[in-house]
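Assembling the complex is the task here: the two chains are given apart, and the hints tell you how they should meet.
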Amino acid sequence: MHMKLTLKIWRQEDKDSKGKFESYEVKINEHMSFLEMLDVLNQELIELKKDPVAFEHDCREGICGACGLVINGRPHGPLQGTTTCQLHMRHFKDGQTVWIEPYRAKAFPVIKDLVVDRSSFDRIVQAGGFISVGTGQAPDGNTIPIESDVVEKSMDAAACIGCGSCVAACPNGAAMLFTAAKVSHLGLLPQGKIEHHGRVATMVRQMDKEGFGNCSNIYACEAECPKEISVDTIAYLNRSYFGSTFMSDLSP
Amino acid sequence: MSLTGLFLILFLIVHLTINFTVVFNDDGMLFGELVHMMESSPLIKVISYVLYLSILLHIIQAYLLYLQNRKAKGQKYKISTRANATFASKNMTLLGSLILIFLIIHLLDFFYGLKISHTLPEEALYDEVIHVYKKPGYVVLYTVSMIFLALHLSQGFQSAFQTLGLNHRKYTPIIKFLGLVYSIIIPLGFAIIPVYVYFFK
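Sequence lines, in order, name chains A and B.
FYI, in numbering that gives the first Met the number 0 the residues of the first sequence are 0 to 251.
FYI, in numbering that gives the first Met the number 0 the residues of the second sequence are 0 to 200.
None of these hints come from the bench; they were simulated from the model.
This one's a predicted model, so the numbers in the text were calculated from it and none came from an experiment.
A virtual CB, placed ideally from N, CA and C, is assigned to each residue, including glycine.
Cut-off 25 Å, straight-line C-alpha distance, at most; resulting in silico cross-link-like pairs (PhoX-like, lysine-lysine): (1) A:14 x A:49; (2) A:19 x B:70; (3) A:14 x B:75; (4) B:70 x B:89; (5) B:169 x A:152; (6) B:89 x A:208; (7) A:105 x B:89; (8) B:77 x A:7; (9) B:175 x B:89; (10) A:152 x B:175; (11) B:75 x A:7.
Chain A is faced by these chain B residues, among others (derived, beta-carbon under 8 Å): (12) 76; (13) 79; (14) 81; (15) 84; (16) 88; (17) 89; (18) 91; (19) 162.
For reference, chain B alone in the conformation it holds in the complex (with noise of 0.2 Å):
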């Protein structure tokens, strides 16, 4: 879980800094491009198998361990208090289980024609992103999408090191600081985009 949520963080930095350029005023041009240099890379080729193995084990795995410890917990408490626990924290497979939800609608969206049925050619990628969000529906799925997304992240960041044993009193608290901090920017940042487009394209 650790390790595959890890390379989830990065991809997803990575993710935002080529589709942040949509934003830019110069009508996909700088998008366009960087999409043609992930499209035609062999070394992004390679790294998106890794990715795609990686959503898999980190959804296949989440949900063994959701039923491992539903099992394990025995009868509910008629009062329930979970002193340190966050809403985040004891959720984890329901946020995981609605950003999936939200991960299938957006593969289908733009994935799905550009890798799979070749229905969207590349060059036209940016004006399909554009033309999808113009609807306002989807502008608040992406948003609300997002929220579940930071919730996740900020849980997830931190206990990823946790589970890898990498705690130390001085470098925990800045990676706390720092989960919270990749939190809150990298879904505010994918939001800002269909909020952008929607009002400002």
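Here chain A stands alone, though its shape is the one from the complex (with noise of 0.2 Å):
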């Protein structure tokens, strides 16, 4: 089935413009994704000879966290634990007007259009350092016994993206279920447990530094994470961050 939709646009020519909404009238097919959507509104802003709406896109298929929009005020769209990629047309109706929107932070400042730039984020894992595995061959599996709850604790942590959606969901504006994440999907294994009070002060201090809020519990981090990681991953964090700064003689 086709459907026309009425899409308003956040366009910002670079870093320092002002930026402002545009509409656009789309034409599409029920189960186009999203992106598909927006590359059917640049080929036709192509053969206009105008500028296409700059957007982030990678694997489409919901694992790499490139793709993030703020869509009808959601972060990812309406549906739950789903990727802007991985949400199709057919969750719309026809004639709808769609609002779509660069993630609004002050630590994700918008380069162009609906990009905006996440690389406090790599500065944040960055920061976490190294954990100590041995390089070379593969080891023998299950070599290091590890409780099952535990595995899977670190499983669902690791299952972040670093999409930011957490970040743009927050009224904070804050990185918490972010680094939480990465924070326990590493504390939580025996690998990762050697470095762990010295990677949590270090990658708190530059969450911190890189002017991202405060964690207030409000929870809506947890509701527009595509992974759906838990913000039981923030009270760990906060648990490992005092944990590093009263029971660790390490000053990282």
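What follows is the structure in structure tokens.
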């Protein structure tokens, strides 16, 4: 079935220009993904010799974390546990008006249109440093026994694709869910435990330095996370942070 | 925020327990005895200083965090939904500020006369309470402020535990339930006092 949509898209020339919403009409197929719908729009704009809408995308199968748009006020759109690329147009109504905005946070400045600079996340991960694992041949499987529940928790946290929708959803512009996911996924496993205390301290310090806000436990992040990372990880981060402050004599 | 918040949560229980004796039909006998006990105990004196410090810290930290967070959130969204967020969780600073205004009025009513200017002797406190709660304006002010307190507590109680990292698959639902019960019972208890005094004393 074909659909007609009115798009209100944030257009911004570069980092320093002001930016405003522009209105577009598109005719699309309901089985298209949200990004394919934008492709159709951009093709039309290119044919009209107009500047296409800049948006980020890479794998288009929901695992890379590159795409992330705020669609009608919701990061990654209205569907629970879904990235923008995996959101299909059948979840919208024919004739609907769709507002498309970039992520809004001080630590995520807009570069162009819907593209934001998320290198602050990379610097948080870099601040986390290394984990002590041997290089060379892959070790035999199951040589380090780990409790099943702990593995599950760690793997749930490792599902984080670093898309930044937690920051976009947070009224405080905090990156706690992202940082907590990284800290949990490494810190819960024996391989990542060795540098755990230091890692928590340096990652939190970098997070604050990047200008992210503070967590006030609103939990909007949890609702918008396409990988459904739980705020339990934030409690684990907080616990680990106290641990690294009071129970470790290292000062990283 | 969480530590001072939890201390204030404990304080409210003690405060309500003593104040609720105002509604008893004994002409303030028990209330007077309890006030005297609190006023003469050196332990309570020490705790009261911890309390003043907690209130101050809670307020200062709240506004510092508010300013930081306002700076961090960047430009406003055209359409904002904030799924999962409640009115209280999004407006903790506003609710806290409204409670602060109430707190200042409340302290000027009783605390100032009792502890600073010494114009209100301990024995006259009960009569002063009855006198103040006979004014309809005050009854409205005190009850409306308790709605703000209830909302503030509904978010603050479980939030304090989460911030301290006290999260457990078995105990967190219990904490959330206790928080809900606490945030209803305590403000309701406080609100009953002026309403009861106004209508029945």
